[in-house]
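> Each chain, written out:
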Amino acid sequence: MLAQQLVNGVLLGATYALFALGFTLMFGVLRVINLVYGFYFTAGAFLALWLTEAGISLALALPLAAIGAGAIAVVVDGLLLTRLRRAKADELSSLMVTLGAVLALYAGMTAWLGPDIRRLPPGLVGAGALDLLGVRVTVAQVLILAASGVLVGGLLWLVRGTRLGLAIRAMAEKPDAAALMGIDTARLAALVSFVSGALAGAGGVLIGLNFNAIHPYMGEAMMLRGFVVVIVGGLGDIVGALLAGLLLGIVEVLTAGYLASGLKEAVGFAILVLVLWTRPAGLFGRAGVARA
Amino acid sequence: MRRRTAIAVALALALPAHARAAESVPVGAVEILSGPNSAYGIAIKAGLDLALAAINGKGVLGGRPIALTVEDSGGTKDGAINAARKLIGRDKVVAIIGPTLSNEMFAVGPVTNGRGVPTIGTSTTAKGITDIGPFIFRTSLPEADVVPVTLRKAIARGVKTIALLYANDDAFSKSGFDSMKAAAEAAGLSIIDIESFGSKDTDFSAQLTKIKALKPDAVAISALVEPVSGVLLQARQLGFGKETLFIGGNGANSPKLGQIAGAAADGLLVGSPWFIAKPDKLNQAFVAAFRAAYGKDPDQFAAQAYDTLFILAEAIDRAGAATPEKIRDALLATDHTGPLGPFRFTDHRDPASTEGVVVLEMRGGVFGIAE
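Quick note, the sequences are listed as chains X and E, same order.
In terms of the working numbering, the first sequence opens at residue 2 and continues consecutively.
In terms of the working numbering, the second sequence opens at residue 441 and continues consecutively.
If we strip away everything but chain X, and leave its shape as in the complex, we get (with noise of 0.2 Å):
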């Protein structure tokens, strides 16, 4: 059972990693606390169940899926944050202001589709759950552990290996100075709140695909443990964010099959306290280094 219950806590913790990861990029390069992020993971599932509905593949619906949330997350975040950017408007506004506008999407978004659960149509990847050991993982919990990795090596390599990349963290240390430099500031914010997006959109997808739930809110739901994940893992640091997904998966998990079941989600936000008490920059932060 413990070996079942590990693989359970890896799995949900990659799930939440999956989530936290462009949420913690646009901090890290942006500066901004985006709370729309979890409606691009949301409008993400619902993209992919529109078009799997209509008979594309999931190989192919996941990255138009992708796609779609990173260019909704463009527009949304253009209007919402272009004028706090410009006007050097603190963390605390953008929170409010992303708020507001994540609330008022979710809300419009029931009113449009009801807040009916809806499922992906059946089939779509292999039901059957590989069996090893007596341990049981699902192709989509696979999938997702995949996708995670991948997605993580991508950022790794997208924002410290390419010249791009040295655009974005030079934007992360001094905006001004890097727009001093000919970095077209505008269009790199544009381009983070693409990839960040495209991550929600992606997560959204596989998310979806594994608890086979999807509907307006579920964005709202994961936020919560999106806010632990990038708080304990350091705000802006992607691997980070991967360690502490984990954590947060395995620990949850383990105080539901050994403690009480009841108490999962108070563990996880007791962590979320202590680390803020012990190591306010993450447990894997390091205070006033700009991170992305």
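Take the hints with a grain of salt, since some may be wrong.
[Claimed, not checked] Partial pick of chain X residues on the chain E-facing surface, computed with a CB cut under 7 Å:
| # | residue |
| --- | --- |
| 1 | Gln6 |
| 2 | Asn9 |
| 3 | Val98 |
Since the hints were derived computationally from the structure, they do not count as laboratory data.
Note that beta-carbon positions come from the ideal geometry of N, C-alpha and C, so glycine has one too.
Add chain E to chain X, keeping to what the hints say.
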């Protein structure tokens, strides 16, 4: 010209009002007709309207029609109280049907009970509804009465040990769990594990893995339909098979279960006060009339509302006068048979019999009567 129109309008407004005051019996209903839970209220209104048309064919108290006013509560306590006040103050109703949710009844009941207007819930299943006062009735079987019937069926299939799983952040699910636990203990089942989760959770793997290791004969789940579906989907992923019987509470009694969980829900048992395919004549006549009137299938809420208006109409007849006090006393003597089966009230104004309860089993994504 304008004056003539004005007189015509005045007459048109005055005449029916006058006629209504002289003849019809005003009855009110408070239901959710807008917002996220409006599906329940709309189904109830459809059932009431269908019954109203049939009852007004011959009327009550020797030919007087019932004038039914349905007010929207919007699903909130405030909305429900306002609607009830409007019905009592403006329409002078002699009885109220509704409100839709138990939560709303806990807010409205004290008001209508204080004004001495009999109030009959048709969809309120929580504990303590009729404790509000002597004018509060309900025709919906409380979950505590339905669950034992489901468990009897499970025991007949050889279930001896059971694990309970419930959403611990929702009054409806918690109350359902309390009923399940009490019923399981009363039926002599051994409860080998109790696990909980949050109603917005999507991951239940830790709880299910633990339950699976304990190998219970049955797992009973008290939650709304969405988390129940999630639990079933994940249980199948974790390798729960036919050897484990899943049992749902009231929340699982929804066609949405099959739509969300699909084949994962197969084999689940749930008790229901009503089922569309119940073969008796009264039920089939109701289903046929409903389909003819609305072009779709009725649900449990429409059936309960339909029966309730008949129960009320018969009580008004027995009372011999359209006064709330006499109608209350007459309701206590109810002996009605409708689509829900034979119906009487207990002295505490709850449904007296569970004879009408049907145990359903999920097969291929739809409910059928369990064998």
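> For every hint, state whether the structure bears it out.
How the hints compare with the structure:
1. Gln6: holds (5 Å)
2. Asn9: Holds - the Cβ of Asn9/X comes within 7 Å of chain E, reaching about 4 Å at its closest.
3. Val98: With a closest approach of 25 Å, the Val98/X hint is violated.
The structure fails to meet hint 3 from the earlier list, while all remaining hints are met.
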